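Starting from the known structure of chain A, arrange chain B on it as the hints suggest.
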Amino acid sequence: MAHFLFTCLSTFTVVCALGVVLNKNAVNGAMCLLLCLAGIAGLFIQLHAYLLGFVLLWVYAGAVVMLFLFIVMLLDMQGGAVWRYRAFHVAASLVAAALLVCGLDMLAVRGRFEAPAPAGPAVGGSMKHLATELFTTYLLPVEVIGFLLLIAMLGVIVLSKRFEGSEGAP
Amino acid sequence: MTQTLDSYVMLSALLFAIGFFGVLLRRNTLVIYMSLELMLVASTLALVAFSHFNDTIDGDVFVFFILTVAAAEVAVGLAIIVALFRMRQTVLVNQLDALKH
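Chains as they are written, first to last, in this note's numbering: chain A, 1 to 170; chain B, 1 to 101.
In isolation and in its complexed conformation, chain A is listed as follows:
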């Protein structure tokens, strides 16, 4: 059953990822990205990372894909000329991606990641364990990340503000 679920989810995710890459329409690409992220969240949940699966759905599917859709509609690129792909360009990209996946698979096969025998604690208390780790061992990174989010927010405001003088008098 678990194997069947893994096969279904991975096939779905890969097909949706191909949809993101190959779709002519940017809105359809964003929708495929949404489905692909849902598939990856399902894989996370299958790996017993329940919190991360839901955080992925909230942050990525809820916020990031919406942001992408807003920007696609704001810039309104659908009326633009359709660029034709040259065969040389497609072949070069395919060869590069194939080389990458071959290299990574060689690493995976040669390296032979050996998982130790699962004798650790039960995964039931995973959420409590994660929270304890976050607020004890990783307390400083949590604070730094909060500060980073603040800086990013200020940066976005500065970047998207129209400064007076560059566009004439207000």
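Because the hints were derived from the structure by calculation, they are not lab data. Owing to the predicted nature of the structure, the values given are computational and were not obtained by experimental measurement. Glycine included, each C-beta is placed from N, C-alpha and C at the ideal position. Honestly, I wouldn't trust all of these hints.
According to the in silico footprint, chain B covers these stretches of chain A (three or more CB under 8 Å from chain B) [as the list claims (entries may be wrong)]:
(1) 1 to 14
(2) 35 to 49
(3) 52 to 58
(4) 92 to 103
Just chain B now, with coordinates in the frame of chain A:
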């Protein structure tokens, strides 16, 4: 547990390669950015798989931080793309060739 760690790592590598293919192939900056996000999420899948199969929580904590930083990164990147569009009126990378001339 019927899946091995290898299958998750293979899937992660495949998704990463698909994202890389999109970055190389596409002309639209927004689609390139979506492919980059796909690559990032593929790498987090490998981290979660390693963390699960080694019975540790550190990979999960790391992915938590990665997701937080990715949210900030997407906001800043899209703001840069909008600023670029305002200045040059295009988001196609084959027309953004100011450094070539």
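Each hint, compared with the structure:
1. Counting residues of the segment 1 to 14 of chain A whose C-beta sits closer than 8 Å to any C-beta of chain B gives 6, which meets the bar of three, so the coverage hint holds.
2. With a cut-off of 8 Å between beta carbons, the segment 35 to 49 of chain A has 8 residues touching chain B; three or more are needed, and the interface restraint holds.
3. Counting residues of the segment 52 to 58 of chain A whose CB falls under 8 Å from any CB of chain B gives 3; the rule of at least 3 is met.
4. Coverage of the segment 92 to 103 of chain A by chain B holds. Counting CB-CB distances below 8 Å, 8 residues qualify, and the rule asks for three or more.
Consistency with the previously given hints is maintained throughout, with no hint failing.
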